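A.B. asks: What follows is the residue order along each chain.
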Amino acid sequence: MSQPSLADQQPAVRLRPRYSANGKHRDHSGASTLLYAKNLVKSYRKGPIEVPVLKGVDMEVRQGEFLSIVGQSGSGKSTLLHLLGTLDAPDQGEIYFSDRRIDNLPSRGRDVLRNQHIGMIFQFYHLLPELTTLENVLAPRMIAHGVVRYWLERKKHLEDAKEVLELVGLSHRLDHRPRELSGGEMQRAAIARALVAHPQLLLADEPTGNLDQKIGREILALLQRLNESRNLTVVMVTHDQGLARETDRIIRLAEGRVEQA
Amino acid sequence: MYKLLLSWRYLRTRYIALASVVSVTLGVATLIVVNSVMEGFAVEMHKRLHDVLSDIVFEGQGLEGLADPDYYEQEIRHIVGDDLQSVTHVIHLPAMASISIRGGETINQYVNLIGVDEKTYGSVCDFSQFLLHPENRQKLSFLLRDGGYDPRMAEAGWSHRRMWAAWEKAYQEQVRMEQERRLMQHPRPAPTAHAADESGEPSAPFDPIASAEAAAEPPAPQPPAPQPPQEPDAALAGEASPETPVAGPRGGRNPFDQFRREEAQQDVFDPTKEQHPGVILGIAIASRRQRDDNGNVKDYFFVQPGDDVQVSFPSAGNPPKPLHASFTVVDLYESKMSEYDSTFAFVPLRTLQELRNMIDPLTGTAAVTSIQLKLKPGANLRAVQDKLLKRFPPERYPYRIRTWQDLQGPLLQAVQLETTILNILLFLIIAVAGFGILATFFMIVVEKTRDIGILKALGAPSGGVMSIFLSYGLSLGMVGSGVGMVLGLLFVFYINDIADGLEYITGREVFDPTVYYFTEIPTIVEPFTIAWIVAGSVMIAVMASVLPALRAARLHPVRALRYE
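Protein sequences, first through last, are from chains A and B. Mapping of the first sequence onto this note's numbering: residues 381 to 641, in sequence order. Mapping of the second sequence onto this note's numbering: residues 6 to 569, in sequence order.
Excised from the complex, chain B in its bound form (with noise of 0.2 angstroms):
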């Protein structure tokens, strides 16, 4: 009773080893918080890795892929047995997409090609909540939507693309035009009637943005400005097969004339009402994340659905050559995983099959480059790699069979690293505060020797007195870490409002969202890791009253009786 007493008296009146705690405190309050930040970032990278990648891939090494999926596929399903969830097919590939931006300069950009099962895909990962339209997160389609994507966006979509497709139809014209104007200057060959009534007009210098924004007012968006609506029959003609003009008025009428002409007329793509197959970019292929004259984070779109960009790709032989293909762009992806937005761009699974003639004329049946797999939830992951690495050993077989924190592995490794040396480090400040504890301790012990002495000679044992100096240890140390907690607490809970403090002070963006792509500090208060905090740091403050403690219980009752 007098220790809990004496203790407790102690406490209430030497406030220079509450002083001696603060630095615990402040030591358990920023292990909370670097913990519990670090654990929302690794967490939350977690998630995002893990949604964006399968449990397992089992990949080919080459290009061509494995030229027998259903084979592979059923031996997989034999193995793995009931942990399995789904399978799908895919092929990877290291593919350069040009886009072209209007104002006439291309961007080259190195993607990574991945040709998905619309129907599997979003079954083995959970690719589907990245992109941008409601409806294709419910379900994927590779087919422009009409609109309803996102709101930093609001044109995308189909009336995006017939826009920009009346502006180009607008600008050929002009071009056309300005052609015919130049032939009619020139001593040749016949001109058109209603050139002549143009020529007047279109001299000045044609401004693409203007009359593309005049065409999209109107809600109907229809040929517009330079050229009021036309025969589309002579259009057509003018823009897919510019040297009939030429050829007809010199060399007579060509017998084959007219079935160019039919033959022109149902091949052409009308892009106003069809569509590429379709394309899913990265947000970061298609946009660029800066600030504005405001200093506001803003997304700036170089392409949206709608838009048509160009892909290059290796074909499917040895050795590969390059293959191009025209892509719509149908919608965008943002996993906010940077390494994915700037370089994934997903196309339809068959089209990419055709396009590389990676299908058997005979069989039918289409290679692929991967095989991913989704586990049951609680499925060991290690376990199932091995077995699959038993079917198929790396030594016979030329297959990788990774799971996604193998691909991710350097990534959530570093990650690891930088939690366990900041939690060294900041035990270490905890143990330093230890020795400042020690110090005041043993301060205290020679201020109460008399004390000491007097509660010897009233017959308190050793132990006893030695645990007034235990005890006092023990509520000093819960009392800073106690105090140190709900600080750390308060911290996290506030951390974002705390951010924007330190903002509004310094000027300076704390947590800058271009960087990160989080729009606030992740945090995940683990109740584990803060009883171990918390635990530990109370130790250390008991463990530096122990010295003090044997001290003061070794101490003879005589001499500390005349101690003054």
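Okay, chain A solo, but in the shape it has when bound (with noise of 0.2 angstroms):
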């Protein structure tokens, strides 16, 4: 694990192009780690048998990089996201995030990793019905604080829930449901919510999966745009190669294992 100062490590992010001339994608390898994985293993019990999901992963994923991990159905990168996301506990090896090994932390510690650090989209979104969109994203903030803390602090709170669904282009749209939303809007409410609490790492679960390619490709560029403006590290899992392509780096996942691309 190389281990570069933090003097250089900005600047060569933000330099970089997005797109080199040839096609190829900007390179974070002078960057610094900001979560590693080694040797996962995780398998499944079903009954009396136990099915491997993971076999031994290993991975590592730079500062302000966005990589996509790619494989076939079953191919175990939604558990490998899971793991990454500590919503699940690897059967062996280790997790660290930002040098701070994070797989075997106490629940509550791994809550807060959570809640602060680690925003999380899903493929069906995930957004809570009950709420209205601006509800939906504040619940991260809820979650964080007390019932008096909110309440003192309720207009801070708000006025950030806004700010991040300008962001994503929904400040239309802050007192309607999920229900009453599109896909690719309830995508973004997703992303807002996730960015609320400002983390380092946003895990995407297939976030277009469930969308037209059209919206598909507004929903990646805005996964982009925020990589590249507030140099938010994103690792999306997806199985449409035409989007991973368009990302920084690429790992495939097959039966378990990395796939050297």
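If you're looking for bench data, these hints aren't it; they were derived computationally from the structure. Predicted model only: the values in this text are computed from it and were never measured. Ideal Cβ positions, reconstructed from N, Cα and C, are used throughout, including at glycine. Just to be clear, a hint being listed does not mean it is correct.
Here are some, though not all, of the chain B residues that point toward chain A, as calculated from beta-carbon distances under 7 angstroms [unchecked claim]:
| no. | residue |
| --- | --- |
| 1 | Leu-188 |
| 2 | Gly-441 |
| 3 | Leu-443 |
| 4 | Asp-456 |
| 5 | Ala-462 |
| 6 | Ala-465 |
| 7 | Pro-466 |
| 8 | Val-563 |
| 9 | Tyr-568 |
Both chains are sitting in their own frames, so use the hints and assemble them into the complex.
C.D. replies: Here's what the structure looks like:
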């Protein structure tokens, strides 16, 4: 694991053009490692049969990178993402986030990590149907703070939420319930919700999988814009090779292992 | 914050859960109504019982009673000390009242004859407040009053007495004339002069009611129709010694006649001016409560203040012999406790002592059968009872020392038991409602599985997810029991109107005053009880939501997110 100094890390990202002249992608090999997984093993138990999903995955994500994980259905890419997002714990292996081991954190620590430092979006958006767009975006803040503190700082939270909603281009839909939104709008709301805590890492689980080509492109463009303007590290799981090709780097998963591309 | 927001949103969007809480609402409402009515009944009954009874009764077990009550009173005053408020002497006797109702029949009824001291009895229990005459309520007197009794018996009092005395006299006259007419027809001695003048008129059957009413119509209650004013001497003579006219002409003048006549004149009891010793009868002895033709509850009196009754009671000696005495009803007693109203008959203590020979001719000490005590408010009844029992242990003294609660123990316990059982049953209803909430909540948790996964993915701790459902259960319980409380209280406040309404709809008496002696359903709203009921049912709702909430908290976020 290379550890370049902070000084040359940031300009390196900014100065590089997104697309190089030959269609190759930006290179983050000089940037520091944000997320690092070593020898991840995970299997699911279905009754007496143990189904191995990940059989020793090593990977790293560099600061400011837009990484995509591709693979066929059942290759374990979603499981890998869940492990990286601490939604699930690996059977073996270690995960480091900003040089701190996170896979064996107590549940409270993992909750805080997901709440503050890692944003997540999903194929089916996973918005709370009882809440409006704005309330959905505010939900992580509500979870982070107690009732009284939230209430005292509600103006700040509200401003922040409106700001991120504007960023994703949804400021005209604040008081709509998720079922009144289109798929693209729902995914934008989900992105806004993931961003409201200003995380360093965004994990996207097939964010365009439920959208048509055009809207999918829009969402990808939004993610790229965020990646660029906010220096947000994005890890996207997708099975769409075309989308993956537009990201900085691709990791291929096959049968629970990383296939070197 | 999200917990409150979400449980509020769930509350507003899940009407099925509100439906599951309806049974909580009904249970709480019923509990409040039942408790208020039972409490009302119990307190009313307690009050009535306590008003009727004195705090502690110290009684001898024989009919002869305590030979030297003043000694015992001294002892009791010494033992009870400062707690004592007042003491009175009482005679309790089983007795039989014979009530002649007009028309010739006599009603014999068992009564509990109670000799009371006019001055002190009212200070021991709230006896006087149950009397019908307002002046007797102020100051008890065993003298018949002129009127002003209860509106149910407008005539009662001296006017009533005079009216019936006049009727009686007229009736006697009628009988006498009838006898004389017979004597005239048969060849028997000396017809009197004026009997012949009258013989034509009264051959028609004599209607006592009509003539009495005729007598009552004009305000002057003078001897009425059949015989206009007559020499009192003759009338009295005829009444007092009917054999004299027979004896006179046959055996010549009896030299003692003169004296006998004077004696009779002095001793004769004039019911228009005099009364026997007074008696206060329980209202149910003197009347029957029935419905009239229109279905209204009405009291029918067959004895009113002013009438005389015969009372037979045992003498003081051993073995007891029956004694008979006439008493004049001077008032009625209405405690609205049917047990007392149908048996109590109060007479002056002194009269009873004299009639029963309970006064020691040498010392002048009068025996009584019991001494009743009233303690100061707040005094510990049981402690005083224990002290008295210590001084007069039952194995050495044949006295019974009982508190009013002992006297009415079974009744009070029955009411208590009834309330307890009803409470248990109704809380079971709410517990059943709790299982409804449990089932509904499990369904909601299953329905919300994905949302729970989302919350966890956003970093909500398990405890937070759990508390969403707990606070959801809490708010459902509060809504349910709050509505139930309002409904229950409304029902309690309007219970008599509701009873009337039910009566109107079903045509059936809900609360029959001929049975209960209450005109209205008594209710008492005890804030503490209501707080308990509401808190208990909210607790049940929360407890029912614990299991679903635990299940929600234990959901694995990944599996929850994948749940379709």
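A.B. asks: All hints are to be evaluated individually against the structure, with a verdict given for each.
C.D. replies: Evaluation of the provided hints:
At about 111 angstroms, the closest approach between the beta carbon of B:Leu-188 and any beta carbon in chain A exceeds 7 angstroms, and the interface hint on this residue is violated. A hinted interface residue such as B:Gly-441 counts as satisfied when its beta carbon comes closer than 7 angstroms to some beta carbon of chain A; here the least separation is about 23 angstroms, so the hint is violated. Checking B:Leu-443 against chain A: minimum C-beta separation of about 22 angstroms lies over 7 angstroms; hint violated. Given hint, B:Asp-456 at the interface with chain A, holds; its Cβ is 5 angstroms from that chain's nearest Cβ, closer than 7 angstroms.
This hint holds: B:Ala-462 has a C-beta 6 angstroms from the nearest C-beta of chain A, less than the 7 angstroms allowed. With its C-beta approaching chain A no nearer than about 5 angstroms, B:Ala-465 sits inside the 7 angstroms limit, and its interface hint holds. Taken as an interface hint, B:Pro-466 checks out: its beta carbon lies about 5 angstroms from the nearest beta carbon of chain A, inside 7 angstroms. Checking B:Val-563 against chain A by beta carbon gives a least distance of about 5 angstroms; that is within 7 angstroms, so the hint holds.
Contact between B:Tyr-568 and chain A, as hinted, is not supported at the beta carbon level, the nearest pair being about 11 angstroms apart and thus beyond 7 angstroms.
Hints 1, 2, 3 and 9, counting from the list given before, are not met by this structure.
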